[in-house]
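> Residue-level listing of the chains:
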Amino acid sequence: MKLRHRFLRRLERFAQPATPRRIVLELAALGAIHFVLVQVLARARLLEHLLSPGPEARLALAVTGFFLVLRLFLLVLGPGWFIARLWLWISHPATTLKPRRRPLPLR
Amino acid sequence: MSSILPPPFTNPWLRHAIAAVIVFLLAATVPRWWCGRDAHRWYAGDADLARAHARHVAALVERGVTPDEFTAQGDLFKNEWRFGTYQMSALALLQLCQDHADWRAEFLPVAERAIDELLSGRIRAFDTEKWGEDALATLETSDKGHAAYLGHLNLVLSLHRRVVPDSRHIALNDRISAALVRRLRASRHGILETYPQEAYTVDNAAILGSLLLRDRALGLPPSDAAAAMQARFRLAWRDPASGLLHQAINPRDGTPADAARASGTAFAAVLVSYGDRVLAKELYETIRDRCAGALLGFGYIDEYHIGSAGGASGSGDIDSGPLIFGISPSATGFTLASARMFGERHTFVSLYRTTHLMGTPTSRGDQRLFVTGGPLGNALLLAMLTARPDAP
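So the protein lines, in turn, are chains A and B. Residue 31 in my numbering sits at position 31 of the first sequence; the count goes up by one each step and never skips. Residue 277 in my numbering sits at position 277 of the second sequence; the count goes up by one each step and never skips.
If you are wondering where the hints come from, they were derived from the structure by calculation, not from laboratory data. Quick caveat, the model's predicted, so the values are computed rather than measured. Idealized CB from N, CA, C, for every residue including glycine. Just so you know, not all the hints are guaranteed correct.
[Claimed, not checked] On the chain A side, residues computed to face chain B include the following (Cβ under 8 angstroms): (1) 19; (2) 76; (3) 87.
Could you build all of it, start to finish, from the sequences and the hints given here?
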């Protein structure tokens with residue numbers, strides 16, 4: 001148990017949690033991709049491809065599949081994923097609210 | 001190292017366990033709330049929501065739907081879907097005109113435009129091509145089924161007659177109904193063919209709904225043909241193990257020609273409900289009890305029941321949509337209507353959450369649409385989401 005604990009501690013030193021800025025940026029990027037795909041799919045005909053897939057519909061099906069997986073992730077797991085990552089950052093031993101000291105300029 | 005939190009919370013096991021609990025708790029609460037916000041409004045018949053969606057469907061009808069808008073493999077399916085789009089648009093808009101008398105000025109002309117399209121030669125060409133004769137020109141002379149075209153068209157005409165008592169389609173409604181009754185009486189197994197040697201319970205459900213609705217509009221008791229068909233829907237065409245309707249019946253010997261499936265049963269329940277709420281409720285309760293499920297508050301309908309004859313399974317077809325873990329998108333959408341009709345709010349809300357998740361509703365100007373729906377999906381969902389708790 002103690003060994004495993006030390007292993008995790010060591011692992012965490014290498015795997016620093018994402019910063020809040022990165023977490024927000026990643027979520028915003030996924031949201032933007034989702035928004036663009038909604039606009040694309042609003043103009044493309046999608047249900048018909050799903051109901052009657054054919055050999056020439058592979059690209060449409062791939063885009064559809066990607067969109068639906070992304071939407072599932074964003075709506076179902078997204079909120080928990082966002083808050084859990086913030087929690088992991090807050091609770092990480094290396095996280096501190098104290099401002100970091102800037103390196104002294106070289107003379 | 002100096003964390004923000006006290007030492008017990010910086011324990012790596014505890015941190016990750018709490019993260020997992022956060023993900024689970026939020027996945028179990030936030031999405032169901034977010035995707036279910038509109039469900040209660042649809043269930044309660046929210047006028048703003050229904051009107052915005054109806055405006056989108058009306059715009060589709062006004063601009064006209066072409067076969068090129070559908071991506072189905074083969075012209076037959078493309079033309080069937082064009083027919084289905086006008087049929088569902090007309091049904092949905094007529095339902096709304098019944099519910100909201102003040103909307104008639106806006107939507108009744110559009111519903112009548114959809115009916116005119118249904119009556120046009122180009123829309124019924126798919127049926128004419130398969131049968132080698134025009135369904136409307138041979139009403140009194142032919143004994144061929146034309147079950148899909150005549151059944152679904154007659155349902156719209158019967159509803160139009162109910163909404164507009166002096167409907168200009170009364171004579172045609174009477175002629176089609178008489179032809180269907182005559183052909184049903186002559187049919188050995190009480191089922192009319194959609195195409196030569198192909199008979200589907202769904203299309204016969206449209207025939208039954210249309211005949212019963214017309215009889216009610218005229219204050220008549222159900223005809224003997226309709227009463228015999230009601231009995232067949234209760235006994236002969238249902239799988240004894242699951243209670244679901246067989247998707248297809250062999251017209252030569254009256255035996256099942258396809259498995260008992262939820263997509264056909266759910267759609268048949270909707271179509272029959274226009275004329276027979278009791279039978280529709282029996283079909284709906286079978287689906288609810290045998291095929292309905294939910295995960296994290298998101299409802300779904302399985303296409304096959306485990307006790308279905310032959311233990312059928314598969315990847316889905318044009319009726320069910322693509323099956324993902326056996327879940328049928330079509331059956332899930334159709335069951336929304338029955339859940340609303342029969343006052344099952346919980347089922348309606350859970351099924352709507354899934355519809356919201358996969359359908360991606362969005363607003364555009366004064367219109368509202370489901371992005372992944374396309375013309376047929378949007379017309380169909382409007383009809384399902386506005387299905388009336390009171391018999392038409």
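> All hints, please: hold or fail.
Results for each hint:
1. 19: violated (13 angstroms)
2. 76: holds (5 angstroms)
3. 87: Cβ of residue 87/A sits 6 angstroms from chain B, so the hint holds.
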